[in-house]
Structure formats: C-alpha cells, structure tokens
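Spelled out from the first residue to the last, the chains are:
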Amino acid sequence: MTATQIQPANTEVRQPILQARNLVKTFGRVVGLDGVSLDLYPGEVLAIIGDNGAGKSTLIKCLTGAEVPDSGELFVSGQQVHFKRPQDARVHGIETVYQNLAVSPALDVASNLFLGREERVPGPLGKIFRVLDTKGMRRKAKEELTRLGISTLQDVTVPVENLSGGQRQAVAVARAAAFGSKVVVLDEPTAALGVRESNQVLQLVRDLRDRGLPVILISHNMPHVFDVADRIHIQRLGKCAATITPQSHSMTDAVAIMTGAATA
Amino acid sequence: MTQQQTAGPPAAGHADPAEEFLDRQTPLSRIRNILHRYPALSPAIVLLVAVVVFGLLNERFLRVENLSLITQQVSVVGTLAIAQTLIILTAGIDLSVGAVMILASMVVAQLAVGSGAPAPLALLLGLVVGLAAGALNGFLVTRFRLPPFIVTLGTLNIFIAVTLLYSGGSTVRGSSMPGLLTWMGSTFPVGPVRISTGVVMMLLLYIAVAFILGKTAWGRHVYAVGDDKEAARLAGIPVNRVLMSVYLAAGAVLAVGAWIQIGRTNAASPNAGVDLNLDSITAVVIGGTSLFGGRGSIWGSLLGALIVGVFRNGLSLAGLDVLYQTLAVGVLIILAVSIDQWIRKVKS
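Protein sequences, first through last, are from chains G and B. If you're matching positions, the first sequence starts at 1 in this note's numbering and goes up one per residue. If you're matching positions, the second sequence starts at 265 in this note's numbering and goes up one per residue.
Because the hints were derived from the structure by calculation, they are not lab data. Any given hint might turn out to be false.
Said to hold, decoys possible - Once the Cα atoms are required to be at most 30 Å apart in a straight line, the calculated DSSO-like pairs of lysine-lysine come out as:
(1) G/Lys182 / G/Lys140
(2) B/Lys493 / G/Lys142
(3) B/Lys479 / B/Lys609
(4) B/Lys479 / G/Lys127
(5) B/Lys493 / B/Lys609
(6) G/Lys142 / G/Lys127
(7) G/Lys239 / B/Lys479
(8) B/Lys609 / G/Lys84
(9) G/Lys182 / G/Lys142
(10) G/Lys239 / G/Lys84
(11) G/Lys84 / G/Lys135
(12) B/Lys493 / G/Lys182
(13) G/Lys142 / B/Lys479
(14) B/Lys609 / G/Lys142
(15) B/Lys479 / G/Lys135
(16) G/Lys182 / G/Lys135
(17) G/Lys84 / G/Lys182
(18) B/Lys493 / B/Lys479
(19) G/Lys140 / B/Lys479
(20) G/Lys140 / G/Lys127
(21) B/Lys493 / G/Lys135
(22) B/Lys493 / G/Lys127
Just so you know, these numbers come straight off a predicted model, no measurement behind them.
Please construct the entire structure, taking both the sequences and the accompanying hints into account.
Shown next, in the form of structure tokens:
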C-alpha cells in the first residue's frame, strides 16, 4: 500500500478538517520541511512521529501559525488560510498545547483558561471600564472542565504553579479543547509525566476524539502513540516518509521507517 | 506489541496529589502559602510593626501632624513607585523614572513661567513629555529587544542631560508660578489632620491603577507577560503592544508625579531627585513585588513607600544620624528580597 492513501476506518468520503499541501520551510541553508502534506479528518487522532530534526516541530509550528511556511498551502474545512501568528490559527479553531506548557504559573486555573480571550461583564461597566467578568469566567471554566471530563481540577481559583505536572497538562489541554475549537494539537503531552499521569492525559485524548474533536499528537513515546493514534504520520528528513496505522504496521516497522531502515 | 494500557477510570486517579500536598503542610509552609497568595501582606505587617515600635520609641511619632508629614514626604516616591511597579511586573526595571519626572517638571515650569503659557497647557505638555519618554523606552525595549535595564540606564543619562540643557541648570521658584502648578502642595484639613492635594492625587492614582491591574484584561496581560513572556505570546497576547502600553502608562504617571513634585518642593529644580529612581525601586521591592516579574501588588508598593518614609522619619525622631536611615533602608531591601525568594519556593 502506498503511504498517503490510508483513510480513516469509516470510508465514506469526508472532508478533512485540516489539510496541508507541500509545505516548505527553510532556515538559512537548513531545510526544515521539504514539501510535506497532511490531512486531518474529523474524530481521529493523528500522531506525528520522527527522529530529532525530522521536521516534526517545524511542521506543527506551520500548522499552528507559530512559523510561516516559505511555500505550500493550508486549508481549514476546505477553505484556504494563511496563518501569520498563533492568533490566526486560533481564530480558525486550531488550538495548540506546546511542549513547554504555555500556561502562566502565577495566574489561577480559570485565568489561564481564558488567557488572551477574557470576558467582560455586560453593560457599561464592561464596555466603558472594561471590567472583567471574573465570576462568570470561573463558572464557565468549571463547566468546561466538567464537560471535558477533567476531574483532577476541582478548584479553578488555584494558581497553576501549585498544581502537579499532570494537572498542569490538564489545564493546558482543557484550554485548547474548550470554547468550540475544531482541532487540538498536542506537542509531547506526556514527555514530563509519570505513568499514572500519562495515562490520564492519554485518556483525555481519547475523550476528546470521542467527542468528535480531532487531535494531532506529537510524541517520541511509541507505546503511547500506538495506544491512542488512529493514523501515524512519519516524518523523516523534512519529508513525510509514510502514513501508517497501528493495525497495518508494528512499532518496529514504524521505527524502521523513521530511521530509514525500511520503507512503507 | 500492542501493549494494551488499562484506560484507568478517573476514579483511580482520585488520590489527588494536591490534596496529599496540602495534608503534608507544616505551620511554616502554611504561612508561606498565605504570604504567597497575598503579596501585600508581608509589607503590611512590617509597616504595622514599624509604626508601633517607633510610636513606643518617641511619642511625637504618632501625632497626627507627624503622620500627615510622612504621607506628604512619601507622595512623590509613592507616585513614581506606581510607574515602577507597572514596569517591574513585566519583568523589566526603569532606572529613568526620576529623570523623566524632573524633565517633565522643568518643561511645565519653564513653559508656564518662561514662555508664559497658560498653566493647564503647560501641564498638558508635561504629560506629552512623560508619554514621549515612555514611548522612547518602550520602543527601544520592544523593537530593538534591548534589556530594560540597559535602555533606561541610557535614557536616564539622556533625560538628565536634556533637562540640564533645556533649563540651563536654573531652578524655577514656586512663588513665580501660576497657582495651578503648585496646587498639589496645598493642604486642606480633614478633622485634625492636614492632607495635601498631592497625597490625594497619589491615592487616586493607586486606586485607578489597582482597578486596572485587578479588574481588566489589560491588567491580567501585564501579569502574564511578566510571568512568562513566551507563554503569553503563545496564548495570543500581543506582548509588544502590552509592553509598549505599560511604558506609556508609566510615562503618564510620571508626568503627574512631576506636578506633585512641583507642589511638594514648591519649585522645579533640575538637580532634584537624582536618587528618586532607586527610592522607587526600593519601595516596589519592599512592597513584595518580584523583580522577576508577574508577581506583586500595587498596594504593596504604596506600603513599601510608606515603610521607607516611616523608617526615615522614625529614626530621625529617635535622634539617629541620617546615615542610619540609609543603613536601615539597605537592610530592609535585602530582607524584603530574601523573604520574596523564600515565598517563591512555595512551588514544589
């Protein structure tokens, strides 16, 4: 089978939510991406794996507006888009959880969930004096956490720095998944976590998919990838070496493709 | 191969690490948690203790005239500390606050007295000077990505030189100024106390800035930028715009500070306030705002300015040489920063 033709299990013709076509990104003489294409379908977990320097991070940054590709096209729900800033991607419903956890440690859980999209109280107090609706945001933060099935965060007024690693990850994931986003991108979500906390995060990924939210997962951890992914995009030397599924290939095959010892 | 992981039901993860952590608290770490949550609490305690001790040492200290005098002595540094707090909250520092204030005060005085401009116009142009100075600092910090310490060290010298060139080194006396310019120095009675307009103006500024920092998205973004700039950027906060607006706001506050300074000293002198920048940093640091940014409270800075004022006044009433006041302030700074470090260890 050829690499790029594997579709999600249910084969009715569906429009990808996110499409990338021939993305190219160079840094001086270093080629980060050398014509990479990618499709993300509704309700799937697409894992992106690859060796260091294979272009995983660059690919993700181009998809989420953190880097602007030199050439290539991006489509969200079939419409072409051009992301210049992370904000542009967010406007189109693409939310990212970065490896270094873009949370503000001194702010509380609710403030972090609403960071950059704060809500004001209705009426002149909000319009003229721009007063924040702190109570309303806390209430909505609780509702979102319940909706997403995140039970480890009970008190939304706790500063994030007082939370454990897994709880912080949950805050970051909740922020990405909340408020009507279309795509959640997770960059190494389990890298710094213990076994139990990793399992909680993986369960969260499954829950998001089961709610119909597609997830892009970047990870080095093969068992985690094969555990939750529906399809696996393998980056090698700035290109997509293959797109496989956990059913079609074994972990050993995936590593072989990643390192160039085999082809799909 | 396809290692099937038990998708642990959420109930399995219910031994909440945060709860375990809370259970292990010692009394000391509980105190630390409270101080961590309310950054203005430790300076408030220090101020209270200082007032009680100095009151016991000298009965004149607690007289209303003396307390009123302390507030007037604090009004200029207290106002500069507002500007300084805003900038330190973004993990910056502003060495030029005193120089900007003096420059603005000289421009206001010269325009009103030398050029005969109407007082409100002179004050308005003073505000423009403050904003322009803030814009220059902010521009250099955001566009050239220079460290605020270096930028403001440079502009400190530039502003001092411009002030001396502009004024020719001469002082403008308050008696020659229109009444509006020295209005901040006038006092009015509130019961047995005489309050100066400058103190009221300073308090109004504190209330306004506390409101903005605590209740608006801009305030939250200021904290977020100082806390973790990259995280703020990734969360979609326009970091450079926030920084620029902080430097502009600081410039505006400094212009008001210039007005208060003219009233307080009843003059505009190019040589005044050389050490005001350090005094303002002292107030902010003693007030519990972290020099690493993102943590602190504007009220802490007012308390910090009051603590410095109370120490200077109390020690001088106790008959100690002025050098001991400076010594005490030095010890206070080091204590305050040590406490800040200790409190920050709360994140385990």
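Which numbered conditions among the earlier hints are violated in the structure presented, ordered from lowest to highest? Checked against the structure, the hints that fail are numbers 7, 8, 11, while the rest are satisfied.
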